[in-house]
Amino acid sequence: MTRYTPVTESDREAMLEAIGVASVDELFAEIPPELRLTRPLDLPAGLGEAEVYEHMRSLAARNTSAEEVISFLGAGMYDGYIPAVIDMLLGRSEFLTPYTPYQPEISQGGLQVMFEYQTAICELTGMDVSNASVYEGPSAVAAAGYLAKLTNGRPRFLVSRGVHPHARETLRTYSVGFGMSVEEVGLRAGVTYADAWAKALGDDVAAVFLAQPNFLGAVEDIEPLAAAAREHGALVVVSADPLSLGILEPPGSQGVDVCVGEGQTLGNRLDFGGPSFGFFAAREEHLRRMPGRIAGETRDVDGRRGFVLTLQTREQHIRREKATSNICTAQALNALAGVVYLSWLGRRGLPELAELLARRAAYAREALAAIDGVRALHEQPITREFAVSLGLGDVACVQRVIARCAGDRIEPGYALGRDYPEYPDGLLVAVSERRSRADIDHLAEVLGRAVAAERLASATGGKQA
Amino acid sequence: MTRYTPVTESDREAMLEAIGVASVDELFAEIPPELRLTRPLDLPAGLGEAEVYEHMRSLAARNTSAEEVISFLGAGMYDGYIPAVIDMLLGRSEFLTPYTPYQPEISQGGLQVMFEYQTAICELTGMDVSNASVYEGPSAVAAAGYLAKLTNGRPRFLVSRGVHPHARETLRTYSVGFGMSVEEVGLRAGVTYADAWAKALGDDVAAVFLAQPNFLGAVEDIEPLAAAAREHGALVVVSADPLSLGILEPPGSQGVDVCVGEGQTLGNRLDFGGPSFGFFAAREEHLRRMPGRIAGETRDVDGRRGFVLTLQTREQHIRREKATSNICTAQALNALAGVVYLSWLGRRGLPELAELLARRAAYAREALAAIDGVRALHEQPITREFAVSLGLGDVACVQRVIARCAGDRIEPGYALGRDYPEYPDGLLVAVSERRSRADIDHLAEVLGRAVAAERLASATGGKQA
Amino acid sequence: MSAQEVRTIFEQGRPGRRAFEAPAADVPERSLDELIPPRLRRREPARLPEVSEPELVRHYVRLSRRNFDLDSGFYPLGSCTMKHNPRLHERVAALPGHARLHPLTDASRAQGALTVMWNLERALSEIAGLPHVSLQPSAGSHGELAGVLLTRAFHTDRGEQRHKVLTPDTAHGTNPATVTMAGYEVVKVGTDERGGVDLDDLRAKADSDVACLMLTNPNTLGLFDPNISEIATIVHDVGGVLYYDGANLNAVMGISRPGDMGFDIVHFNLHKSFTQPHGGGGPGSGPIAVSEAIEPYLPRPVLRRHGGAEGNGSSVEFELDHERPKSIGRLRGFQGNYGCFVRSYAYICSLGAAGLRDVSEIAVLNANYLLARLRELGVTELLPPAYDRICMHEFVLSGAPMKQQLGIRTLDLAKRMLDHGYHPPTVYFPLLVDEALLIEPTETETRETLDEFAEAIAAILSEAREDPEIARGAPYETPVRRLDEAGAAKNPVLRQAL
Amino acid sequence: MSAQEVRTIFEQGRPGRRAFEAPAADVPERSLDELIPPRLRRREPARLPEVSEPELVRHYVRLSRRNFDLDSGFYPLGSCTMKHNPRLHERVAALPGHARLHPLTDASRAQGALTVMWNLERALSEIAGLPHVSLQPSAGSHGELAGVLLTRAFHTDRGEQRHKVLTPDTAHGTNPATVTMAGYEVVKVGTDERGGVDLDDLRAKADSDVACLMLTNPNTLGLFDPNISEIATIVHDVGGVLYYDGANLNAVMGISRPGDMGFDIVHFNLHKSFTQPHGGGGPGSGPIAVSEAIEPYLPRPVLRRHGGAEGNGSSVEFELDHERPKSIGRLRGFQGNYGCFVRSYAYICSLGAAGLRDVSEIAVLNANYLLARLRELGVTELLPPAYDRICMHEFVLSGAPMKQQLGIRTLDLAKRMLDHGYHPPTVYFPLLVDEALLIEPTETETRETLDEFAEAIAAILSEAREDPEIARGAPYETPVRRLDEAGAAKNPVLRQAL
Ligand SMILES: Cc1ncc(COP(=O)(O)O)c(C=O)c1O
Ligand SMILES: Cc1ncc(COP(=O)(O)O)c(C=O)c1O
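Those sequence lines, one after another, are chains C, E, G and Z. So the number in our numbering is just where the residue sits in the first sequence, counting from 1, plus 50. So the number in our numbering is just where the residue sits in the second sequence, counting from 1, plus 50. So the number in our numbering is just where the residue sits in the third sequence, counting from 1, plus 232. So the number in our numbering is just where the residue sits in the fourth sequence, counting from 1, plus 232.
What the hints contain is simulated information worked out from the structure, not anything from laboratory work. A couple of the hints might just be wrong.
Straight-line Cα separation of at most 20 Å, EDC-like style, residue types lysine to aspartate or glutamate; simulated pairs [claimed, not checked]: (1) G:Lys420 to E:Glu371; (2) G:Lys722 to E:Asp178; (3) Z:Lys420 to Z:Glu462; (4) G:Lys722 to E:Glu334; (5) Z:Lys722 to C:Glu273; (6) G:Lys722 to E:Asp350.
Where chain E lies over chain G, by a calculated footprint (3+ residues, C-beta under 8 Å) [unchecked claim]: (7) 279-288; (8) 468-481.
Here are a few chain C residues that face chain E, going by a calculated C-beta distance under 7 Å [what the hints assert, rightly or not]: (9) Glu99; (10) Ala100; (11) Pro133; (12) Tyr413; (13) Arg484.
All C-beta atoms, glycine included, are put in the ideal place defined by N, C-alpha and C.
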């Protein structure tokens, strides 16, 4: 018996008697003896709650979180402020502990949340329909690829290099499965290179993939790129940052077929990368090929308004090998955080926040570009994140600069060269509403010192910290 | 309008129109102009949620909590582990946000919690009846004094110096109000001096007050002290540590009239001193003079079991100047934590925990007494806390020793001399189940060094750290 | 709400089940008898429940679902200021630096906490218009006790022995109860036809034996007493002290200050005006603000700031001062309900000066709007306002005509509201008003909610006109229906028999 | 549960209300046009709700009360392992050192997180009996996809092109769906009369074009397939890979290991066996464990431990290795659902080896006890077990006789359970069984609960014998009653019209 298993010795005896067996071992009689583990698992002994807490606390203390340093790390996940109502609501047993709402009569809470979430995502993206969540951003991109493949059966995907490297890689991974080739189109001046795009397009392209803003933080001019693709009959998939959509033209008005994205920035924790949620929205015509749960409004036998999971004939539990996706458990709780966050921001708050980020990002870009040797990696409009080039040799230098900044309790950003050999000394810097002007000024100062020190160290061949 | 006041400009106008006034100012017309504040309050401008969080976080970071150091501070409040279920339950709106259950039909949750709490407190203390909580420990002692005064109208209180200094002082404060004199009886060998006790008793004593264990951590032999008091017709009040009652004879079996105490140690946070709760239990005969809310079991019109606030004719809202107490808002939420904690510990867990503490305390006392110059301040049995004498000059030396230990991230305990001139170099040391043997050994080492350093510093007249 | 029959936690579980597992016994095993003689030890364990964590959680979660709460619906409980409890406050109060800070931590290692207290003291002082603050009292009535004891200390220090404390007949029960506990005699002062203090009666009773007048302003009728300056003069002229019961402060924050009205001592209810959640009946916190004349007697310890200007280099800017020879002493352990201070301070930081004023403006606007809506719907024909004036943050209706004309009492109306999903207003208080219904919507409610509430009352009344039995038998939709309170008091069952 | 008609959040609020207040604009004011050209900007704001915090909180708290949940009652949803979610896990996952850690934080500043992952990997490896683990997949079906892609990589690396994946007809829908997504053809294998894999059918279908067999053991009938070693041999003999769908691992932890049974790849559902709360449909986490042969193809990055012995002085003990040339690549961003890892690791720390074994023993004991009780109460006369054997952690009843004799379907029985306060078992799965009811009580339920549940089913059946209409019309006590699902699919309303 453990603190979680309420079966005492005397319970056990009574129960065995009711079953009509002499021992628990008998219940496992079907397992051939040679397959039974005859030793205890090689794991440490169990601990009391207080001891586990202390263990987990001490492990947490060995991480340097954004609670302790001034962080400009972004690159797909952002240290935005999560309103306290979200913690409270997500902590409520009624949202935290049930499973997928298979029994709608006792799951109206969760179902209505999905319906509200779908509405909010449609509003944000300008798309017609949204599902109730997929795992996260990069796999949402891959899922959009599967939709495209189911739609037109063509063999090629075309991906802008502005799409998140993890999304590009995930798309490749999945594509090996469904037998697609994936080609990339490079960037020019920070955005997808339109000429190369046009050249790469063809009638065998199932779908094209763009990011808005792209990984370098630059706002893409989606419309012409989308138009070009549609001319070839390719589906247009855009992976958008939902917060940036507070200020940017929604993909739904730009000729986009499927708009997906990473939902973390909508009220979800960093959590070292997950769980968060992916959103998946599309034009109406793609509805019956969408992956995942979808909630719909209906009435009960007494005429009361209610919500149900609908269009389930798309799904694995009904359609099995003919399903439009294999997804089952998705990210309902994280999507709840998303819709609560969007409601918290509200119609006016979302653009206000998006504008604040755009202003701070612009300010920060200038502040960093003013550092000796540092320049903006591109001059495109940005919403919350931007890239600079540090004027140093390679990615190792950038990583040493980051380490220097960490000593001053600043996380200056992400070393772009880790994913883009073409930007070996790039640094990707994100602001959030938690990073004040003073924080940005402090970053400029610390980064300036670190870059200078690194330059000196490289020059002298040494590596003094 | 703020984020908490949902009245927009247009709401305001419509509402003013409905009321039939032209402006909000008109609503305040009854306030004479000279009493109206014509300037804004001199307070900082309001802040967004994220900024308030950051401000409060930075203030928290300027405190050194038991999360960061190994603390042996007790003296009335203890750093015990609070199970996570308590946070969850106390965070539920249904428990957190309602007020006193004046409408029992929609407050069965809170009322049943009170009933369960009362049951648990009666079990723990061995008393017949318990109320649903009072503010905290020391004021519970004073409230017991008021009960005694209402009971027998005698003019004197007799208090053991083993009672918590805050409780003794609170009793004095209240007693000035109800016109009682308060006399103290000293300790001998760590416990209430029986001879002095006997001498101080008399037929004019309304009540006597003892602590179990007493402030020095010593287990008092309550029975003879209580018997002596009862012989004089005085009420016997014991302030008990509820966790120690897991191992000690309950006051209810020792001739005690009223058993009160501080409930923090039952699943409540330290919170720099509050909120926690006081418990208040008594013999049946005192029931109608008890302070505070009491829940009782009853039936509804359909015969269903239910709970209500009962015996309200004791209370201020019914009896006004004839009430048995002025208490209104008490500590329902903290008492909820208390009963959840006791249920979490359970019938077997409570004595196990109490025994663990007793063993660790005994081990710690020996470990510290083994330090050169340090000796146990008394040899009485202890449950969770004990006093040592550091063999140094005065309380200032002890405080310097504490400061030295703090440098090593140890809080060694409380300087007894702050409240007991008779123990100028006393140190009161508490263990909790969160302090392992290794922590205790570490304390002995750090304290040993600090005492030696202080002795040296005093000897040389210097104050080197 | 859940109407399943619920067992108590003592009626669940089985011997041997447990949610707690003790840490490993790491110190040398020794016989318990050696540590504590058997004579002093408990023979039988307390018969606490024996449940696993799943059982424990399910029991209390289910119980919680049998409670109505502020996050589920409108809760216009007069005199209690059931305003929204921002969740940010729970988050910041839970930070280990606040929540796991021992109250006896040396000041040098608790400057953050002392800063919270200092800033809160300063803000409350500014709001009250009185220079000094003690955060110690645990709730409103504890603040009252502090206040009356301060009054006593003040007079005693002047060599005076006074015996009476005046309270208006509208006073909350804690006022007279406090007076008695503090050893004074209660003298009631009447209410005039406009709902204020009857000045003639006051003059008649104010004499040199009067230690203090306790007053709420706006009072428990929800009315501001415009004669307050004159009242103050009358009391001060006989050497009395003026005590302000701050339960109704939500009406006047940033608009009018008790200190400016002439009060010497004020208590705050942090659990009312300053969003400390009510917790089902606590915790609360009842800081007091006082004048210079009262300051020497404040409960100890008091918070001191050192070295004048901030950032003077010393790490110990704030300290607790116990050396207060004239202090009335402690009213409780440690420094008061710090957890509540954190929440209320955060609230003040959020709102700032403008926001606090907004709170009071909207609180008063909402109350008057609700009253206007009730009027418009004809509700006030059966439930007229006790005093027909512009109200402050709350107002009192009298159910007497309703009782006479429809045959239902205020209690019936209240019980029927339960079926509509509302927490009823305060009933039968203030005592002065027959069949009283004291309604305080607070500033955190929307106009839509007020509209719906007004319509619900109108609907109940028109239903009662058809069939009063419905209200008399209400509620119907609650987990239990009307309970036998008389029986509960007559044969009290106050604990589970085990 | 609350039956009040609820509006959506979009039907609440008023223009101008807000819960969010933006931080002060502290950087120099500049025209937005200068920053982002109008052409690229949004013309109309998204029509999000406009509500204050009190409205927001009340809306979602009320909604929550329209959900049934595990902390409110028994939830024997077969195949989903609805076990108690310890609250400790929420506490430790919320520690800022875990919760506010950026996924791209340099390994040197994330050793705590990498330690959690390492220790979890090691524990899962030991439980599975397979040496290598990837924590990356986001849920069970994501793990399946990883598994089938690993299979493909494995064969491809050997220069083989295979086209078929075998799944038993009892398989969960995600298995065949995954197979298709991964570009294979599904070939169904039959079930024998004892509920295991039909060996003859398997032999007939296992050929050199078979890439993989996906199996659950115990399977979705709740039965352990004793022929598993032979099955493994058949598949391995044709060069196929054996994939273990770990959804039912709760039956065999510490008792029998998939790796020892011959499986090459295993997925875990941390949200089933390892207490990650289900969240209303996620988040989940679906780590995989694999054999040496499969290891080179694991998703990247993989976690590496440096320097052998612990405490070797280096601060960077653990690192993420991206240089994995044979890897199938990423399946998602970053390192997987770390928040889930924290919870599941804490769970494993709490239970240890003995506790995990206890979990499976009690899970199986509870299932068999419930079946025995149902038998005793005569329930199995109308709802016989699909296969009359000792079951593992769950069992399947067939409602076919009930349908025939009482005229109520499994669906009706399930709906009537709602009125009794239970979440019904899984219905109509596995597909193999007519009118199936798949019941998984889990180990965290008490015997009392199982007794009461059995009695409730018996009561429903005897009620239905009297009057089947009651069950056919059920539920009655829920916030809404049976909903028009056909209508919802026919005329989909998938978002609010604004
Ligand atoms: C007018 C008035 N005064 C005093 C009090 C007592 O306050 P507390 O409950 O905080 O002790 C109340 C509480 O309801 C009140 O309404
Ligand atoms: C047997 C079985 N396999 C696979 C899955 C899919 O797991 P997930 O929902 O985590 O994707 C499930 C989920 O219910 C299941 O029961």
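Hint by hint, here is what the structure shows:
1. G:Lys420 to E:Glu371: This hinted pair holds, its Cα atoms lying about 11 Å apart.
2. G:Lys722 to E:Asp178: OK: Lys722 (chain G) and Asp178 (chain E) at ~17 Å, within 20 Å.
3. Z:Lys420 to Z:Glu462: holds (18 Å)
4. G:Lys722 to E:Glu334: OK: Lys722 (chain G) and Glu334 (chain E) at ~14 Å, within 20 Å.
5. Z:Lys722 to C:Glu273: Given pair Lys722 (chain Z), Glu273 (chain C) is violated - Cα atoms ~33 Å apart, limit 20 Å.
6. G:Lys722 to E:Asp350: Judged against 20 Å, a Cα distance of about 15 Å means the pair holds.
7. 279-288: It holds: at least three residues are needed, and the region 279-288 of chain G offers 7 whose Cβ sits within less than 8 Å of chain E.
8. 468-481: violated (count 0)
9. Glu99: Since chain E brings a Cβ to about 6 Å from Glu99 (chain C), closer than 7 Å, the hint holds.
10. Ala100: holds (4 Å)
11. Pro133: Interface hint status for Pro133 (chain C): holds (6 Å vs cutoff 7 Å).
12. Tyr413: Constraint on Tyr413 (chain C) not satisfied, violated at 18 Å.
13. Arg484: With Cβ-Cβ at 6 Å, under 7 Å, it holds.
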